[in-house]
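> Those sequence lines, one after another, are chains A and B. Here the first sequence is numbered in the working numbering, starting from 1 and rising by one per residue. Here the second sequence is numbered in the working numbering, starting from 1 and rising by one per residue.
Possibly wrong hints are sitting among the right ones.
[Said to hold, decoys possible] Taking lysine-lysine pairs in the DSS-like style, the calculated list, with each CA pair at most 25 Å apart, reads:
id, chain 1, residue 1, chain 2, residue 2
1, B, 71, B, 57
2, A, 57, B, 3
3, A, 1, B, 59
4, B, 57, B, 100
5, B, 55, B, 3
6, B, 100, A, 57
7, B, 17, B, 63
8, B, 100, A, 1
9, B, 63, B, 3
10, B, 100, B, 71
Honestly, the hints are just simulated from the structure, not real lab data.
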Amino acid sequence: KAGVTQTPRYLIKTRGQQVTLSCSPISGHRSVSWYQQTPGQGLQFLFEYFSETQRNKGNFPGRFSGRQFSNSRSEMNVSTLELGDSALYLCASSYEETQYFGPGTRLLVL
Amino acid sequence: SQKIEQNSEALNIQEGKTATLTCNYTNYSPAYLQWYRQDPGRGPVFLLLIRENEKEKRKERLKVTFDTTLKQSLFHITASQPADSATYLCALDVTYNTDKLIFGTGTRLQVFP
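Model the full structure from these sequences, guided by the hints.
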């Protein structure tokens, strides 16, 4: 089976812009979680979707949002980008309590 | 406050020795604890899962222990090899029946020949 894929892999934006990141889970996985990873804060949970419904949400401002489609693919959106949003954004799909991570999207906000 | 701490930012050991990594947590009651490996520029890779009612789990050269009284997990790599050099992350599932994981700070392991 193909692994979790994320697009794009790299992205450069400027402050105030918005960005949409995409994640395709492993075939058959219905749960998708998103994490933000920075050197200072480590890996932090953003949100989790299961069967198109947000099941959990982390402690991030409302500028961070996501959705899941009927084929389990997921997108996350960050509006009004800030310099502090520069990070590696990781998506993971789950099966039997194990999370399978994608390679991440590295976002740089200038 | 709730915290997950892993021992020291970096651990350097000689090839062939056993590496022991620590994960301590406070104010959580996890259903299970997981260990992941992360190489630079890549996403974490699942290694082992241990449940709250299990004391020890093994997989090849890896061993994990889980003490819910001490609120601590130990992760051992025996006969370590330079290829084991990576960052190791522990993660707790604290929400039961969902997939939200809380990750520790990570320990960077360097195995030198």
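> The structure should be examined with respect to each hint, and the outcome stated for every one.
Hint check results:
1. B:71 <-> B:57: Status holds; Cα separation ~16 Å.
2. A:57 <-> B:3: With a Cα-Cα distance of about 18 Å, the restraint between residue 57 (chain A) and residue 3 (chain B) holds, given a limit of 25 Å.
3. A:1 <-> B:59: holds, 23 Å
4. B:57 <-> B:100: This hinted pair holds, its Cα atoms lying about 22 Å apart.
5. B:55 <-> B:3: Holds, at about 21 Å.
6. B:100 <-> A:57: Between residue 100 (chain B) and residue 57 (chain A) the Cα gap is close to 8 Å, so the pair holds against 25 Å.
7. B:17 <-> B:63: Cα-Cα ~14 Å, so holds.
8. B:100 <-> A:1: Holds: residue 100 (chain B) and residue 1 (chain A) sit about 24 Å apart, inside 25 Å.
9. B:63 <-> B:3: At roughly 23 Å apart (the allowed maximum being 25 Å), residue 3 (chain B) and residue 63 (chain B) satisfy the hint.
10. B:100 <-> B:71: holds, 19 Å
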